[in-house]
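Participant: Sequence:
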Amino acid sequence: MKPLHKWLIWGVAGAVIVATLGLVGYRAMQQVGDEAALQVGHCLVHGEGTTDLTYHRIDCNDASQYSYLVTEFNKGTTCVDDQAAPLTVTTKGRFGTLLETTSCLIPNFQVDGCYSTVEEGRHEYRLSDCAAAEFRVTQRADAASITCEGPAVAYEFQKAGRSYCLVPAG
Numbered sequence: 000m001k002p003l004h005k006w007l008i009w010g011v012a013g014a015v016i017v018a019t020l021g022l023v024g025y026r027a028m029q030q031v032g033d034e035a036a037l038q039v040g041h042c043l044v045h046g047e048g049t050t051d052l053t054y055h056r057i058d059c060n061d062a063s064q065y066s067y068l069v070t071e072f073n074k075g076t077t078c079v080d081d082q083a084a085p086l087t088v089t090t091k092g093r094f095g096t097l098l099e100t101t102s103c104l105i106p107n108f109q110v111d112g113c114y115s116t117v118e119e120g121r122h123e124y125r126l127s128d129c130a131a132a133e134f135r136v137t138q139r140a141d142a143a144s145i146t147c148e149g150p151a152v153a154y155e156f157q158k159a160g161r162s163y164c165l166v167p168a169g
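Residue numbers for the sequence shown follow numbering that gives the first Met the number 0, so the first one is 0 and each next one is one higher.
Just so you know, these hints were derived from the structure itself, not from any lab. Nothing here was measured: the structure is a model prediction, and the numbers come from that model. C-beta atoms are modelled at their ideal positions from N, C-alpha and C, and glycine is treated no differently. Treat the hints with caution; some may be incorrect.
Unchecked claim - Computed list of lysine to aspartate or glutamate pairs in EDC-like fashion (alpha-carbon distance at most 20 angstroms, straight line):
(1) K158 with D141
(2) K158 with D81
(3) K158 with E71
(4) K74 with E99
(5) K158 with D80
As the list claims (entries may be wrong) - Using C-beta positions, here's what the derived DEER-type ranges look like:
(6) T116 with G46: 18 to 24 angstroms
(7) Q157 with N73: 17 to 23 angstroms
(8) S115 with C59: 18 to 24 angstroms
(9) G169 with D61: 22 to 28 angstroms
(10) G95 with E133: 43 to 49 angstroms
(11) E99 with D128: 35 to 41 angstroms
(12) G169 with T90: 41 to 47 angstroms
Take these sequences, add in the hints, and give me the full structure.
Facilitator: So this is what it looks like as structure tokens:
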């Protein structure tokens with residue numbers, strides 16, 4: 000084999016190895032990025048449409064859209080807090096095994112925000128114009144319970160330590 004031909008083969012093989020390692024590293028970073036968004040204390044919004052099961056991390060103080068607060072992160076498919084809605088993600092492990100992790104979500108309402116219910120069991124709400132909304136949030140506390148004034152009613156997530164006072168909107 001000529002020296003030039005030998006170097007060409009080694010160069011191509013090296014490029015293939017580097018490209019493969021780069022792709023594997025990129026995929027690993029993508030998986031870690033998604034899992035990192037699902038950690039306790041982070042806030043998430045889901046993708047547009049009813050069939051889009053993607054999620055994106057946002058600032059928990061962002062009042063421009065409805066978001067969820069992650070209160071638990073578990074291996075498996077259930078939440079310890081029965082008030083939280085589970086979001087289970089299945090990923091492929093190192094050796095092709097399927098791994099399930101569940102983030103447990105509660106509403107991340109903003110004070111003075113107005114919301115309408117989309118699906119109550121999953122804590123799915125949408126930010127609405129106050130004239131057309133079902134309720135408005137008057138108070139929020141990082142506590143298991145809250146004392147609400149006047150016509151407001153408490154909406155408490157005791158295990159998560161988050162509570163709200165809600166009044167009818169409109």
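Participant: Which of the listed hints are broken here?
Facilitator: No numbers; nothing is violated.
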